[in-house]
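Keeping their order, the protein sequence lines are chains A and B.
Each step along the first sequence adds one to the number in our numbering, with nothing skipped, and position 323 is 323.
Each step along the second sequence adds one to the number in our numbering, with nothing skipped, and position 173 is 173.
Hint data in this document are derived by calculation from the structure and do not stem from the laboratory.
Careful: at least some of the hints might be erroneous.
To be verified - Computed Cβ-Cβ distance ranges for the label pairs, DEER-style:
1) B:A72 x A:S383: 42 to 48 Å
2) B:A154 x A:R63: 37 to 43 Å
3) B:A72 x A:A300: 50 to 56 Å
4) A:E468 x B:R181: 37 to 43 Å
5) A:R107 x B:E206: 23 to 29 Å
6) B:V254 x A:R103: 43 to 49 Å
7) B:R181 x A:D399: 31 to 37 Å
8) A:D432 x B:T168: 20 to 26 Å
9) A:A300 x B:T168: 52 to 58 Å
10) A:G184 x B:I104: 20 to 26 Å
11) B:V254 x A:S353: 37 to 43 Å
12) A:P102 x B:L239: 40 to 46 Å
13) B:A154 x A:G297: 21 to 27 Å
14) A:E207 x B:V254: 40 to 46 Å
All residues carry an ideal CB built from backbone N, CA and C; glycine is no exception.
Chain by chain, the residues run as shown.
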Amino acid sequence: MTTVLDVLDFSISTVDGLSLTRCDRLTAGKGCIIGVVGPSGSGKTTLLRGIAGALPNGPLTVRGSLAVLGKPVLALPANELRQFRREHVGFVGQDPASRLNPRMRIRHLLAEAAGGKQFSAQLILADVGLPATEELLRRKPGQLSGGQQRRVALARALVRRPDVLLLDEPTVGLDAALRKRLCGLLRDRAEEGTTILLACHDMPLIEELVDEVVDLGASAGVPEVLTDHRAPDAGGDEVLRVDGLSAWVDSRRRTPILHGVDLRLTSRGALAVVGVSGSGKTTLARAITGLHKYIEGRIALGEALMPLRVQRRGPAQRRRIQLIPQDPLGTLNPSRTVGATLSRPLRLYRKVSARELPIQITGLLDTVGLAEEFSERYPHELSGGQRQRVAIARALAADPDILICDEITSSLDASTTEDIMNVLGELRSRRDVALIVITHDIPLAIRHTGTTLVLEEGRVVRAGATSEVLGSSRPPSMARPSSG
Amino acid sequence: MNRVSVGLLPVLAVILLALLGPLFAPHGITEPVTAPYALPGPGVPLGGDQLGRDVLSRLLAGGRDLLVASVAIAVVVTGIAAILGAVAALRPTLGMLVERTADILILLPVALGIMVIGVSWPGSGRIPVVVAAIVLGTPFAFRVAAAAAAPVAASGFVEVASAQGERTLSLVFREIVPNLRATLLTLLGLRFVEAVYVVTTASFLEVGTQPPTADWALMIRENADGTLLNPWAVLAPSLAIAVLAVSVNLAFDVLTPKARNRAVTQL
């Protein structure tokens, strides 16, 4: 068996001595699947980038040896490295959607990645579970859902059939069925001789798929699920009632996204909205918040009907529904500190005076488990989990009745996810906040929500108590839990 | 000395010279002190111009108005473009309207626009030139700003802010414009060079500026006939304009933040 990857005593650190990644030993032959694990910040992504020969800019100290197919990639001259990457390495990063040129159609994105080689768009799209219709090939990335964009990015990496495939968190944003398909696909590719490196928080996937695990962290371990917030929803008053909500892509109303969705939420309740990617979950969240323009239906807050567009709603109505959006990178304004981000809704809704602001901000940060010093930080100085905590604090600053969480834990590791969900659980019991949790993580929905609504192609296919909907008889598309 | 201060030195020197230059002028700008097109000699380091006036004195006096007018044009154009661009990104319907208007204005040749406005403007002076440059320069800058604002307007924090009922102007100034800093600084630098070009063209065409004002562009035009007799009468103001444009652009290049505070790593 030839050695494809050979890493020995390899480490990368900044010139100030801050260690970015360390890997004592990693060898892989043709057709091996290696799992790279470790807690957030242990350098999984940096190691993958090192293997791709694409380290972050800036002065770095690199020690040890790293060879891919016998070549020292980090020492190759730029043009050789480019050719080497083009011919032998496929890389799908953590936020692959942002790597898709928004102006190119899917067909051209695939052709570009294939680099002149013959390929079948039908086959490659079927591999990643996308319908290979003419219509889809004509679309641009902006017309796909987040999960679909990820799969196009994956297809781009696969289409050239590289010898080494580097995948950074490939299952984030995929539902159970797609995850299973991805598993099979990776196994097939490995049998054909591709060496695959997975950086992953998804322990079940690692266990199922990989031949060997490389642990970069000091084995912090994934904690057991500690808290159970499966509080019954019964007894609360109805705080939100949505009837016959339909939504379209644009004003011409040709392409529908939602068809007559009904939804009930009781105070202190938690409703999970689950469904495959592209089923309209995010549109539902935006429609309830009043951000989606082309909708029809009725939304009632408590007893009173509410205007559909946010511009027509009064401050009191807007205050009561707060959205925490999906995109973990764009959820906070990069040019404002955490304190500045939090002070705006405090002043807007609660008329907090300038003198009282620091106290209120400290209080909010405390509620989400962050220290006071964080108010001086900028978003780029925070980790993914911390950013989501700040986003929750910002929503809380308005003192809402309903929090809509759009896949806010999908890019976090298991222990951080539990922490965040516990913060939300506390809010339910202490502050009487009702939650709408949009997720594709079925176990998470089972642990943390009382009722569930399953969306399929914009229609509610099942609704009711979570234990019944997601418990014994799961709908076929959700056949397998994605973490446990 | 770090990179920033090295990059800023030339522009500070040029600005100081242009603003304080008149104070150091050895002779009056309308006072004949030597023979027409006299070569450099004692007391006249750069020689004389077409009427025997001191080239050095006129050079020192002739930069201030150009600098002030160009800075004003660049700042106003970039400012309007930033606001309109952000509004267009947030309100697509309004944005479409602004864009079409910009398309039409872009079709107008700038030199022609300046002449039309300059000639029809009551009185003389630089005001008509500045107005023309702003009106005709903004559409280009708007296009750039709108394109840069579009992805920012689609991000999560803008969604949250609009869901919290922030007004459009608040979204523009709090959420969008601060995140366009790099683009806007680059744009400001480019618009400044463009403004220098427009203002000097206008002076050269004698729109707005009339003799005997000391003005670099006017000096080039007035003394063009005597280039062979005293080349400095034309070379000195030409070099001054070039140094001004290049040094300002260099400074903006240094000031523009590199993409350091982005959470996305590049691959």
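Outcome of the hint check:
| no. | hint | verdict |
| --- | --- | --- |
| 1 | B:A72 x A:S383: 42 to 48 Å | holds (45 Å) |
| 2 | B:A154 x A:R63: 37 to 43 Å | holds (42 Å) |
| 3 | B:A72 x A:A300: 50 to 56 Å | holds (54 Å) |
| 4 | A:E468 x B:R181: 37 to 43 Å | violated (52 Å) |
| 5 | A:R107 x B:E206: 23 to 29 Å | violated (57 Å) |
| 6 | B:V254 x A:R103: 43 to 49 Å | violated (31 Å) |
| 7 | B:R181 x A:D399: 31 to 37 Å | holds (33 Å) |
| 8 | A:D432 x B:T168: 20 to 26 Å | violated (33 Å) |
| 9 | A:A300 x B:T168: 52 to 58 Å | violated (28 Å) |
| 10 | A:G184 x B:I104: 20 to 26 Å | violated (57 Å) |
| 11 | B:V254 x A:S353: 37 to 43 Å | holds (41 Å) |
| 12 | A:P102 x B:L239: 40 to 46 Å | holds (45 Å) |
| 13 | B:A154 x A:G297: 21 to 27 Å | holds (24 Å) |
| 14 | A:E207 x B:V254: 40 to 46 Å | violated (52 Å) |
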